[in-house]
Amino acid sequence: MSVIVLAEHSEGNFKKKALEGAQYAANVAKSLGTTATAVVLGSISDDQMSLLGQYGITKVLHVEDSRLDQFSARADAKAIILAAQQESAKVIICAHDVIGRMIAPRIAARLKAGLVAGAIGLPDISNGFVVRKNVFAGKAFADVSVKSDIKVITLMPNTFPVVAGEGSATIEKLAVPFDDKDFSIKIVATNKVTGTVPLSEAELVVSGGRGMKGPENWGVLEDLAGSLGASLACSRPVADSHWRPHHEHVGQTGGTIRPNLYIAVGISGAIQHLAGVNGSKTIVVINKDPEAPFFKAADYGVIGDAMTIVPKLTDAVKKFKANN
Amino acid sequence: MKILVCISPVPDTTTKIAFTDGDTKFNTAGVTMIINPYDEWYALVRALELKEAGTAAAVHLVTVGRADAEPVIRKALALGGDEAFRIDTDSNDPYYIAAEIAHFAKDGGYDLILTGKESIDYNNGAVGAGIAELMDANYIGFATKLDVAGTTATVSREIEGGEEVNSAELPLVVSCQKGMSEARIPNMRGIMAARTKPLKVIAPSEATPLTEIVHYELPPAKTGVKMFTEEQMDDLVAALHSEAKVI
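Those protein sequence lines, which keep their order, are chains A and B.
Sequential numbering of the first sequence, starting at 1, is according to this note's numbering.
Sequential numbering of the second sequence, starting at 1, is according to this note's numbering.
Hints listed in this document are in silico derivations from the structure and should not be mistaken for laboratory results.
Be careful, since some hints might not be right.
To be verified - Using 27 Å as the maximum straight-line C-alpha spacing, the simulated DSS-like pairs for lysine-lysine come out as follows:
(1) A:318 / B:245
(2) B:145 / B:2
(3) A:288 / A:213
(4) B:226 / A:318
(5) A:296 / A:213
(6) B:226 / B:245
(7) B:222 / A:288
(8) B:145 / A:112
(9) B:2 / A:181
(10) A:30 / A:181
(11) A:186 / B:106
If you're wondering where the values come from, they're calculated on a predicted model, not measured in any experiment.
Start from the sequences and build out the full structure, keeping to the hints where you can.
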């Protein structure tokens, strides 16, 4: 009767969201009086897998099949369903990312399990099983009651804290009888920018808008981001004008992010942009226009020319880091 | 090739969000309902492009909703599509929506089922994958390009930190996002034609919702922005560190 969590890994390490998921699963398991089991797909070392014990995982079910080193939604879903059935799992957790969002609904449909997509809190089990998520593009919260026996949850990245403790997990191999149908989508080409933190997981983000006037001015934002160890993002007009790559676009029709710090430079703060970033813990707005709507959604603001303000902010950050 | 496009009516983005009935229901008073932008700009337009290119013979639309969803369905028909179907029920449970559409679609002979990446009201993005599982089909989510030649679809999809190109046999379910196509404005002829295009009402299946939103809450209002001048950047950094605790 355990709680199952998919622990994603890349290049030999578990992703931060895998550890968040593990911690979340351990918390849910504790409240239900059971244990948390991680499902790990594809090739990764035993040492890494047993480390999941530090995040509350007691057992790892490892599906060692190397075909899983390339993503297949059907194969992943099949493996997790088998693990869930073996463990009589009542709760199945994935990250709310591209992978989780493609496989969790498949798992849910197969098991006739209610799905909460994008959970931002632990389940309230005082009266049923109720999980909170964002709705209306982050403008409101919804408490979702799951009525089925089995529950599937995808967890918003960067929402649940990760604190490493003591413990190591036992590792068991799980053999999954795959067939050709499970690998029937062929991967023809991959274009990946490796080594960068995906925007959806970045804790610190520096974002530029049309107020930056042109791509040639991005150097000051890159310097600020470098000083903070932040990722870069941009508003829709900037992406549409090809000043910045498409994957930096955050907003209603771009990405949704929940960083700890979002610094918006030269972005007016239209509703459609806010939809992508209103889950940020702290928002700093730098804009020449004192009437920019973004100031209403900001925690801190600076009015003036980005080209002079941002370098001063970068210097202040560097000074702070040197002294702390 | 026959395409089914899933259309969801949603409140307009600029809508002020409010709740009624003790914060258990979304307040639709004074709210303009629109076609979910991802469904309209990407799923529907791409389907119409495939029809215009001669790749698809028919484009059908399906919506899960009550009679008040029909004006939005007509808006979609104004852009294009041969006929529309409304499954007469409603719910905010993504499994239920997927089950209703899958039940409807299973005898429809659809080669391609397209949805938007997610709806802007509930932000689940779970219907497409649910339909695929219930129809034992493949699903590709977050697609930015879609082409079909014969019975093979070539789909570009967003992956973490990049893009991947996939090839899959039809039938296939795909969720669509930016990059897929450009938004269109309906012309007068389309709007007139939409009035008489077939819109059939279908009874729901025996599926039941597995989840239900029992309460809504608005986030606490921001307490007001703290302003700093250009000369106070050290103070801003100090606030970010000791007050906001983000650096």
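Those earlier numbered hints the structure runs against, lowest number first: Numbers 8 and 10 - these are the hints that the structure violates, sorted from lowest upward.
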